[in-house]
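J.: Using the sequences and the hints, build the whole thing.
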Amino acid sequence: MRRWVLPFLALVVAACTALAAGPAAFGRLALSTGLPGLAASLTTEPAVRGVALYRAGRYEEADLAFRAAGSEATYNRGLGLAALGRYAEAVAYFDAVLFADPSDADARFNRALVAARIDPVVGESNDIDGIAANIEAEDAAAQPTKRDVPKALTLAEQRSVVRPRTGQGVVASEDWLTTLPDDPGAFLKLRLRTEHQRRQDLGLANPPEDTAW
Numbered sequence: 001m002r003r004w005v006l007p008f009l010a011l012v013v014a015a016c017t018a019l020a021a022g023p024a025a026f027g028r029l030a031l032s033t034g035l036p037g038l039a040a041s042l043t044t045e046p047a048v049r050g051v052a053l054y055r056a057g058r059y060e061e062a063d064l065a066f067r068a069a070g071s072e073a074t075y076n077r078g079l080g081l082a083a084l085g086r087y088a089e090a091v092a093y094f095d096a097v098l099f100a101d102p103s104d105a106d107a108r109f110n111r112a113l114v115a116a117r118i119d120p121v122v123g124e125s126n127d128i129d130g131i132a133a134n135i136e137a138e139d140a141a142a143q144p145t146k147r148d149v150p151k152a153l154t155l156a157e158q159r160s161v162v163r164p165r166t167g168q169g170v171v172a173s174e175d176w177l178t179t180l181p182d183d184p185g186a187f188l189k190l191r192l193r194t195e196h197q198r199r200q201d202l203g204l205a206n207p208p209e210d211t212a213w
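Position one of the sequence shown corresponds to residue 1 (this note's numbering), numbered consecutively onward.
FYI, nobody ran anything at the bench for these hints, they're computed from the structure.
Accuracy of the hints is not assured; some may be wrong.
Quick list of the computed label-pair ranges, beta carbon to beta carbon [claimed, not checked]: (1) D119 with E45: 17 to 27 Å; (2) D101 with R67: 13 to 23 Å; (3) T44 with R117: 27 to 37 Å.
We put the CB at the ideal spot given by N, CA and C, even for glycine.
T.: Structure, rendered in structure tokens:
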């Protein structure tokens, strides 16, 4: 019986502290104790609210919250977009995380899971307009009212990899990345141009003929 006393007292102290600090702090406590629905109703911080909504299975609302949070929620928005079936956009956001931190194993794993669900683009792999057109077509065909959470993400959840991050984590800090547009086609064009320029600078690629960068 005594072994439960200290944890119980610690929880009481934490709850009292959170109540004294206001609804936002209590929302964080609710999230940490496995009550995401309650947490979402208590906090107004977009990044934290997005995590709570995601864990509660309210993916449309979570995506809006992650979008409002900006670049600090880049990784989490990738998760939200993937849960909505917007795979190409999700890959773009995981690419953004990996651009800022190539060693991020979670982002790399999740990117691979989601990328496997994207239909291959017909044509050359470096055809930027073709890639962007494929993304736009996929987004236009998506059903906004009824989407299933992909089975691949369920598998990853079991591996404790695909989970939204409650801390700030890695913030994409490149100039073009801090203004990450909501248009996935525009983002990927910019991402591909940046990668092509990097490879050119390293002498790994020749500029394609009749292509204006």
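J.: Could you see if the CB distance from D101 to R67 stays within 13 to 23 Å?
T.: About 21 Å separates the Cβ atoms of D101 and R67, which means 13 to 23 Å holds.
J.: Is it true that D119 and E45 lie within 17 to 27 Å of each other by Cβ?
T.: 36 Å, violated
J.: For the hint 27 to 37 Å, verify it against the beta carbon of T44 and that of R117.
T.: 33 Å, holds
Violated hint: 1 only; the structure is consistent with all others.
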